[in-house]
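There are 4 protein chains.
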Amino acid sequence: MYQDLKKRVWEANLKLVEYGLVILTFGNVSEVDRKSGVIAIKPSGVAYDQMKPEDMVVLDLEGRQVEGTLQPSSDTATHLHLYREFPQIGGIAHAHSQFATAFAQAGLEIPCLGTTQADFCPGPVPITRMLTENEVTSDYELSTGKVIVERFEQLDPGHYPACLVSGHGPFAWGKSGLEAVENLILLETIAGMAATTLQINPGATELEPYLIRKHFERKHGPRAYYGQRKEK
Amino acid sequence: MYQDLKKRVWEANLKLVEYGLVILTFGNVSEVDRKSGVIAIKPSGVAYDQMKPEDMVVLDLEGRQVEGTLQPSSDTATHLHLYREFPQIGGIAHAHSQFATAFAQAGLEIPCLGTTQADFCPGPVPITRMLTENEVTSDYELSTGKVIVERFEQLDPGHYPACLVSGHGPFAWGKSGLEAVENLILLETIAGMAATTLQINPGATELEPYLIRKHFERKHGPRAYYGQRKEK
Amino acid sequence: MYQDLKKRVWEANLKLVEYGLVILTFGNVSEVDRKSGVIAIKPSGVAYDQMKPEDMVVLDLEGRQVEGTLQPSSDTATHLHLYREFPQIGGIAHAHSQFATAFAQAGLEIPCLGTTQADFCPGPVPITRMLTENEVTSDYELSTGKVIVERFEQLDPGHYPACLVSGHGPFAWGKSGLEAVENLILLETIAGMAATTLQINPGATELEPYLIRKHFERKHGPRAYYGQRKEK
Amino acid sequence: MYQDLKKRVWEANLKLVEYGLVILTFGNVSEVDRKSGVIAIKPSGVAYDQMKPEDMVVLDLEGRQVEGTLQPSSDTATHLHLYREFPQIGGIAHAHSQFATAFAQAGLEIPCLGTTQADFCPGPVPITRMLTENEVTSDYELSTGKVIVERFEQLDPGHYPACLVSGHGPFAWGKSGLEAVENLILLETIAGMAATTLQINPGATELEPYLIRKHFERKHGPRAYYGQRKEK
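From first to last, the protein sequence lines are chains G, B, P and W.
FYI, our numbering numbers position 93 of the first sequence as 93, with every residue one higher than the one before it.
FYI, our numbering numbers position 99 of the second sequence as 331, with every residue one higher than the one before it.
FYI, our numbering numbers position 135 of the third sequence as 599, with every residue one higher than the one before it.
FYI, our numbering numbers position 207 of the fourth sequence as 903, with every residue one higher than the one before it.
To be clear, the hints were calculated from the coordinates, so they are not data collected in a lab.
Keep in mind that the hints are not guaranteed to be accurate.
Said to hold, decoys possible - Here are the simulated SDA-like pairs of lysine to any residue, each with C-alpha atoms no more than 25 Å apart in a straight line: (1) G:K15 - B:L387; (2) B:K451 - B:G355; (3) B:K451 - W:V742; (4) B:K239 - B:K267; (5) B:K407 - W:P739; (6) G:K146 - P:E681; (7) W:K915 - P:E681; (8) W:K915 - P:A668; (9) B:K378 - B:V270; (10) B:K247 - W:E714; (11) W:K703 - B:Y458; (12) P:K499 - P:V481; (13) P:K479 - G:Y226; (14) G:K219 - B:G355; (15) G:K175 - G:F86; (16) W:K915 - P:Q552; (17) B:K451 - B:G390; (18) G:K7 - B:T257; (19) B:K378 - G:Y210; (20) B:K378 - G:V136; (21) G:K35 - G:S176; (22) W:K842 - B:P441; (23) P:K639 - P:Q552.
From just these sequences and the hints, can you work out the full model?
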């Protein structure tokens, strides 16, 4: 069962390799089937070039394994919590890509320094607070999901398709696993540009709100005019 | 009609991918046919590996669509304004490449720190002022073209084949779409060198005017002696 | 004799090229056969694309050449000393990769700024003291091994799979030559992230000890739950 | 005539592309045949993928074209002066590679921060003074050669296989065109490591003279023991 779902998740995981976002067994992508109430996710610690579609692990939203003999990604509890709390998302991608992870390690949100980022989200890329000792020792991966949700109390996950986890790295999401990976690629590009911008000019300032709004609405929402109508 | 023009523009767009200047559907290249008074440009939001020559959109210089069923690039109005105001140019390329975009986001022109840049243009790579709120909300893409033209009031677009748009990214041009892409590649190389130079020595100074002039005139203009005579 | 050992060492050396850790004839990987009391190591100054499995040099742990007509790597005495002093290691890899070498040249350990590093080792990546003139002129490569062992007086080489040699570069180890190379790849990734983190935020702080412990123990030791059980 | 020489120079030029040191028509490599008193050099402004061995231009040491219908590299006079003044060198390579050029633009020699550089040359990579206006306007390319030679008044070009030209970029040399390219690759690697080291630790100090000497003599000169004896 869930052949299509597993194949799509497998393909989305391989995109992480193609775009240079992961090395060795790093990173993971999942996708949810809202009707069936299950997700498929990469197995833990398996090399990308040896992974097959049938190796993807299927679980229900409470974490009970429904299909697959391998252990799911060690970050599964984070994915599940995000699917439960953000009903509008269909896929999640996580990787320790160089520049986005560097901002997470620096403990800084990514300031919106240009229109490339404004095309992606209408402001800085958010970062969570650091987890407490109790959160880390009791249920670490679930706590990671919770701290992301906490950070989004005032933010719309439909507008901000990614969050940095402090001291850890980025999680991105989208309508599908593939769109989640594309958002992770965009995030890494934006993070690289921001790092270079701050190297050139440590005092670089954020874009004016009217220009952020313009670019974001050009690409997203009811007045969007970027792309082809039939693809909307 | 315009098969040759569309094929050339398609090929020039693919060069953006080959040289790593774009990811996903970013960037766009156009070329003008001055005799027929039309341009061909990349369609908006279409993936490079799925794009065919016949997908290129043909418009007249006032922006009326002459051929093609897809929507043209969302930056089309910027391209058209530059073709109307800079009669010496034949092609335009735009991409959010990392280093040139970082200078645009830093709000700084690229200082002429070495002969690599002097081979490209006889001074700093210019940057526009930031667009006003009114310019952004009324006719954003046309205003982007206008602010580039305004920046070139005292500059010759035949000598300076690129401009950074503040907070946005680079536009480059040339005699053809392909030459515009080559100029974008050169610009990205120059921007990367300048960023690294400033990292090593934040107090690095601009090249002496006599050395800038020498290098620029060695490669461009009546006394040029770089390259092969028959290719001039 | 030792065909399997030589083939494994040859393959592990080629991984250095595949992952971009070496150029020209730089770098070297070895593996020990504890039962037979021999190691196989890359020959000195031979190009990777011309190297064959039978070119690997076999020596006993005192450095007597047992097989092979080529000269062993000039760093052989360093490898041998580490095999003699660290009985738990099975393979060693050395390369002048950009970021790890930059920390070695900077004379700084790599601070543990995020969970990517905590997955690798439970603290900063250690760096040796600088060798004295006498150590350099008398028996340089042996002294390099000794100064690493000295740095590990209070550290477990089973927990810290790499060391930076001050002013020189990284040595990494693991259960096999291949695992040593994988640890060198991880080290280079970690070093690159740390360099970028410090560029973005020179005041970035180390991860809390409880989070370092959590990530390290998630991946290593008796309570590890990363990866597949059968692979343990 | 000179088929072998032209083929070797053509191959050495293509190495510049393979190692990512050049884009478009940048860069050039030459080799001298001391017996015949001629050099072969890349033609000016020709694309690497269209260049054939027979396109290489052959000139005598005074610059008289002996073979070939294309114009030689615009930097030919620099190459010729170095061949006349440095009798021990057999090939020269020039490229505007990112990191070495950044040091040239920064107006700084590359400090010897680690053993990777000490393997290459026994001290900082030298940089010329800036050319005067008169030197630039009278005979620019010859003056570039002269200012390199001037910088080497107290240095042995057999020990220091490269020089940065202030505000311009690196020239490297060796026993052949291919060795000159390899030295340019090493120089670029060293320059990248030095830039990263200075980013991490702006106060990083040069290696102790005894360690520089050790590494340089391990690889070069009568007591060298790196590499295979038969290859010496």
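So, going through the hints one by one against the coordinates:
A hinted pair counts as satisfied when its Cα atoms are at most 25 Å apart, and K15 (chain G) with L387 (chain B) does not qualify at roughly 44 Å. Restraint check for K451 (chain B) and G355 (chain B): the C-alpha separation of about 14 Å stays at or below 25 Å, so the hint holds. Taken as a hint, the K451 (chain B) and V742 (chain W) pair is honoured in the structure, with Cα atoms around 13 Å apart against an allowance of 25 Å. For the suggested pair K239 (chain B) and K267 (chain B), the alpha carbons sit about 18 Å apart, so the restraint of at most 25 Å is met.
The hinted pair formed by K407 (chain B) and P739 (chain W) meets the criterion: a straight-line CA distance of about 24 Å does not exceed 25 Å. The straight-line distance between the Cα atoms of K146 (chain G) and E681 (chain P) is roughly 22 Å, inside the 25 Å bound, and the hint therefore holds. Under the criterion of a C-alpha separation no larger than 25 Å, the hint pairing K915 (chain W) with E681 (chain P) is inconsistent with the structure, at around 43 Å. Annotation: proposed proximity of K915 (chain W) to A668 (chain P) is violated, straight-line Cα distance about 39 Å (limit 25 Å).
Taking the CA atoms of K378 (chain B) and V270 (chain B), the gap is near 20 Å; set against the 25 Å cutoff, the hint holds. Straight-line distance between C-alpha atoms of K247 (chain B) and E714 (chain W) comes to about 18 Å, which keeps the hinted pair within the 25 Å bound. Between the alpha carbons of K703 (chain W) and Y458 (chain B) the distance comes to roughly 23 Å, so the proposed pair stays at or under 25 Å and holds. Taken as a hint, the K499 (chain P) and V481 (chain P) pair is broken in the structure, with Cα atoms around 29 Å apart against an allowance of 25 Å.
Straight-line distance between C-alpha atoms of K479 (chain P) and Y226 (chain G) comes to about 43 Å, which puts the hinted pair past the 25 Å bound. For the hint pairing K219 (chain G) with G355 (chain B), the CA-to-CA distance comes to about 35 Å; that exceeds 25 Å, so the pair is violated. Only pairs whose Cα atoms come within 25 Å are accepted, and K175 (chain G) paired with F86 (chain G) is accepted, the gap being roughly 11 Å. Annotation: proposed proximity of K915 (chain W) to Q552 (chain P) is violated, straight-line Cα distance about 32 Å (limit 25 Å).
Pair hint K451 (chain B) plus G390 (chain B) holds up; C-alpha atoms about 13 Å apart against a cutoff of 25 Å. Annotation: proposed proximity of K7 (chain G) to T257 (chain B) holds, straight-line Cα distance about 24 Å (limit 25 Å). Only pairs whose Cα atoms come within 25 Å are accepted, and K378 (chain B) paired with Y210 (chain G) is accepted, the gap being roughly 18 Å. For a cut-off of 25 Å, the pair hint linking K378 (chain B) to V136 (chain G) is broken: about 54 Å separates their Cα positions.
Using a Cα cut-off of 25 Å, the hinted pair K35 (chain G) and S176 (chain G) holds, with the two alpha carbons roughly 14 Å apart. For a cut-off of 25 Å, the pair hint linking K842 (chain W) to P441 (chain B) stands: about 21 Å separates their Cα positions. Annotation: proposed proximity of K639 (chain P) to Q552 (chain P) holds, straight-line Cα distance about 8 Å (limit 25 Å).
Hint compliance for this structure: hints 1, 7, 8, 12, 13, 14, 16, 20 are broken, all remaining hints hold.
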